[in-house]
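Trainee: Sequence:
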Amino acid sequence: MDQLTRNPDQPRRYFDSALLDELAASIKDKGVLQPILVRPLPKSVKGKIGRSKKPAYQIIAGERRWQAAIQAGLTTIPVFVREITDREALEIGVVENVHRADLNPMEEALAYKSLLTQFKRTQEDVAGAVGKSRPYIANMLRLLTLPSAVQSYLAEGKISTGHARAIIAAPDPEALANAIVDKDLSVRDAESWVRRLKQSDNAPALEKAIKEQKSADIRHVEKQIEDVLGLKVDLRHKGRGGELRLKYKSNDQLEGLIAKLVKG
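Residue 1 is where the sequence shown starts when you use my numbering, and the numbers rise one by one after that.
Here are the simulated SDA-like pairs of lysine to any residue, each with C-alpha atoms no more than 25 Å apart in a straight line:
#, residue 1, residue 2
1, K247, V228
2, K223, G242
3, K183, H237
4, K43, R12
What follows is a set of in silico ranges between Cβ atoms, one per label pair, in the way DEER data are often shown:
#, residue 1, residue 2, range
5, L74, H220, 45 to 55 Å
6, M1, R142, 36 to 46 Å
7, S148, L254, 15 to 25 Å
8, A138, V228, 43 to 53 Å
9, Y57, A169, 41 to 51 Å
10, Y136, I70, 33 to 43 Å
11, K263, P35, 48 to 58 Å
12, D234, R196, 17 to 27 Å
13, F119, L261, 44 to 54 Å
14, A169, K249, 30 to 40 Å
15, D21, L246, 29 to 39 Å
16, D184, N139, 16 to 26 Å
Keep in mind the hints are simulated off the structure, nothing from the lab.
Where is the CB? At the ideal position from N, CA and C, for every residue including glycine.
All chains, please: the whole structure from these sequences, using the hints.
Mentor: Here you go:
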C-alpha cells in the first residue's frame, strides 16, 4: 500500500464517507475483487512527495477501492500496471467516473476544462474521448460560469444540472438557486421563473420577491430562533431536512452564542 499514491489530477474530489465505510466492510469480508489501475510514478511527481519512503506508483483508476482497502486494514492490493501519459490518465479517470455516474456535475465540468486547457484538446476531442456529444460538453462547461454559491449547490446535490441550465442565463442565478433550494422547486418551476424575469417590466422587483420567497411558517420559526439566540437566522428547508445558518457580527456575539449552546 505504501508504494501507491493518489493522482492529484483525479477528477473525483468527493468520496461519500458512508459508502466508503460500506465498501471497506465488503473488502474486509471478501477482499478487493477487481484490481486497480496504476502507472509508474512520473518523474515530475517524484520530487514533490516528501515522504521518507516514496511511493513508486500513481493510482489512475480505483482510488475509492484503495482508500477502502486501507480502511479495512489491508496491506496489499491487486493492481494493473500500465505506462500512461498525463493526458491519458486524466481521460481514463474522467471516463471511468462519468460512465459510473460517480462525479458530481462540478467535478465533471472541471475535468472537461482540464482536458481542454492542460492538454489543448478541443470540445470535439473531449466529447469523443468520453463518449458524449459536443453540445453536452459545452453545456457542462457553462456550469463553470455560475456564481460560486450555485456551483456549491450543484456539487452538494441541492440543485440538479437541469435547474442550473434553467437559471444560468437569468439576471441573478444565485437568487433563483436559493429559491429552488428553499421552496424545493422543480426544473419546470425554475424555467417559469426565468421566463417571468425576462418578460417582466419590473425585473428587480421580481428578483427581490424570489430572494424573499419563504413560507410564513419558515419566517415564523426564524423569528423564534432569532429571539432566543439574539442573532440573524437563515433557515432553508427542503423536503424533510435543511440547514440553519447563524450570522454573527463580532467575536462577542460568537462567544455569547457558544455560551448559550453550552448551557443548553
